[in-house]
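Protein sequence lines, in the order shown, are assigned to chains A and B.
Final position of the first sequence in full-length UniProt numbering is 320; the numbers increase by one with none missing.
Final position of the second sequence in full-length UniProt numbering is 320; the numbers increase by one with none missing.
These are computed hints drawn from the structure, not numbers from a lab.
Don't take each hint at face value.
Result set (SDA-like, lysine to any residue): computed pairs, CA atoms no more than 20 Å apart in a straight line [stated by the list, open to error]:
#, chain 1, residue 1, chain 2, residue 2
1, B, Lys211, A, Ser247
2, A, Lys211, B, Arg239
3, A, Lys211, B, Gly210
4, B, Lys211, A, Pro240
5, A, Lys211, B, Lys211
6, A, Lys211, B, Glu288
7, A, Lys211, B, Asp178
8, A, Lys211, B, Leu276
Number of protein chains: 2
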Amino acid sequence: MQVKTSSIKLKVPDGSEAVLVKNLYLSCDPYMRGRMNRPISASYIGSFQPGSPISGYGVSKVLDSGHPNFKKGDLVWGLTGWEEYSLITATESLFKIHNTDVPLSYYTGILGMPGMTAYAGFYEICSPKKGEYVFVSAASGAVGQLVGQFAKLLGCYVVGSAGSKDKVDLLKNKFGFDEAFNYKEESDLDAALKRYFPEGIDIYFENVGGKMLDAVLLNLRVHGRIAVCGLISQYNLERPEGVHNLSALLLKQARMEGFLAPSFYHKYSNYLELVLPYIKEGKVTYVEDIAEGLESSPAALVGLFTGRNVGKQVVVVARE
Amino acid sequence: MQVKTSSIKLKVPDGSEAVLVKNLYLSCDPYMRGRMNRPISASYIGSFQPGSPISGYGVSKVLDSGHPNFKKGDLVWGLTGWEEYSLITATESLFKIHNTDVPLSYYTGILGMPGMTAYAGFYEICSPKKGEYVFVSAASGAVGQLVGQFAKLLGCYVVGSAGSKDKVDLLKNKFGFDEAFNYKEESDLDAALKRYFPEGIDIYFENVGGKMLDAVLLNLRVHGRIAVCGLISQYNLERPEGVHNLSALLLKQARMEGFLAPSFYHKYSNYLELVLPYIKEGKVTYVEDIAEGLESSPAALVGLFTGRNVGKQVVVVARE
């Protein structure tokens with residue numbers, strides 16, 4: 001990645017249905033790693049094009065519009081470019097922002113794709129019930145912190161794992177997890193999980209994959225559910241680690257299911273109805289890790305894969 | 001395993017609610033391998049007790065009964081002992097046999113636990129739809145042969161894998177699979193699956209695990225489903241093989257789910273209503289591999305794990 005300077009006319013070409021936006025906040029998300037690979041036929045989103053700006057989720061302000069649904073001054077979130085100004089032709093991926101009495105950057109996180117990921121993954125994929133035992137990995141991240149809070153609000157017992165003392169403190173003291181641990185300090189993940197889940201795990205919200213998944217499989221309860229949201233520990237490996245304990249799915253009659261937030265975007269308004277009151281009443285909090293300036297975005301993105309970020313990684317391009 | 005001779009009184013003890021049965025047909029099933037391990041806390045069925053008869057599914061005739069639901073002359077299927085006569089105290093595991101115009105041995109297979117496994121796994125876990133692409137491994141086995149036929153009856157495209165030319169012939173010529181292949185002759189399982197499923201796999205009925213599972217994951221379609229019925233290739237390994245391609249669950253928004261037939265036994269009468277007409281009308285056929293005599297049962301059981309059996313492995317202890 002490199003920063004390039006060029007110029008763009010701040011106007012939609014005549015006859016085009018595109019919108020021209022000023023980008024305010026850009027979102028660094030783990031799924032973007034997959035877009036650095038060669039395209040695979042069935043990928044749900046295209047690979048990055050060498051020589052073109054990175055594309056990703058962001059919050060933007062409409063400066064000019066050829067599309068009847070958008071007008072100058074509108075705030076939107078959706079897929080945009082990693083640049084100061086973008087001409088967006090795929091306007092079907094844009095959501096208009098109506099609620100502005102929350103931080104605008106939240107539309108890269110709790111009110112955007114990661115929020116929908118937590119909502120769909122937890123409520124739709126996991127079918128959670130009050131009192132169940134819930135484990136979340138990468139629990140202080142953009143999605144994990146929400147899953148843990150949603151689970152607590154439902155009356156579940158919730159434990160999170162993360163990769164530093166600061167993150168573990170956040171989980172326990174800010175997000176209200178019942179317990180949390182630093183996976184880097186556990187030489188035996190199976191033993192760690194047995195310590196926190198002597199009765200076993202009903203729901204695992206999977207963000208990391210690899211050894212943690214193998215350890216969770218050993219600790220599943222009957223009819224356990226694993227929502228496969230991400231496998232961040234595996235994305236930079238030449239070959240993903242082998243998972244050895246899948247026989248647990250059989251013995252425990254358990255389910256493991258992958259999902260992608262965009263398949264649930266038709267429920268976005270339901271989600272806002274749920275989560276906006278939670279935010280305003282202080283029942284859910286959201287921690288962001290803010291990088292300043294477009295030039296900070298490559299390092300911010302790469303930092304996800306070593307866990308450098310604390311909370312949702314956002315890049316501020318402009319504040320308004 | 002060894003054959004021991006001892007004597008038993010062919011009468012239920014006074015005051016007992018047990019039943020005393022003569023065992024006719026014994027069932028050799030892959031799940032029994034797990035019962036040779038030390039008990040694990042959450043196992044769904046106990047380990048075998050060294051020094052005691054093997055227990056397993058069988059078809060038996062009641063000789064004496066202390067239980068109001070059973071009387072002398074009744075035919076039953078359920079958990080019994082690998083012996084000529086058994087005193088069964090866990091009578092809740094016994095089903096009375098009402099339909100005797102089919103081979104009695106079928107109650108160890110198509111009309112017993114393996115039948116319920118195919119029924120529950122295919123219809124309940126896979127939620128199949130007409131026209132979908134279905135792959136079945138260990139496809140000529142007690143369960144696989146039924147899944148393939150059920151899928152064909154529903155209008156699916158069905159391919160099966162098995163471990164010999166004879167079995168592949170059975171799949172194509174007797175069970176009506178669209179295609180079948182000998183996995184032992186395929187050096188690249190991924191390539192084999194791409195040959196038979198150029199459009200990918202909607203449903204995988206998993207009986208084997210390991211490398212085949214890894215190859216299927218690479219060929220899943222969006223919203224694919226994997227019913228984990230068994231992992232027979234893994235049961236005799238010191239440590240199960242690693243499965244590397246689980247990220248497919250995420251990219252394809254796919255589901256992988258383990259299940260056990262006994263959780264669906266409350267639907268047994270529904271299953272009989274479906275399958276008995278199929279049998280009588282010749283729409284479903286069932287192939288058994290019959291071993292004669294109780295003394296043949298150890299080798300018959302062990303043979304499952306090298307694929308020696310062709311079709312459902314049954315041991316005949318007595319024919320009436």
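Q) Tell me, which hint numbers fail for this structure? A) 6, 7, 8
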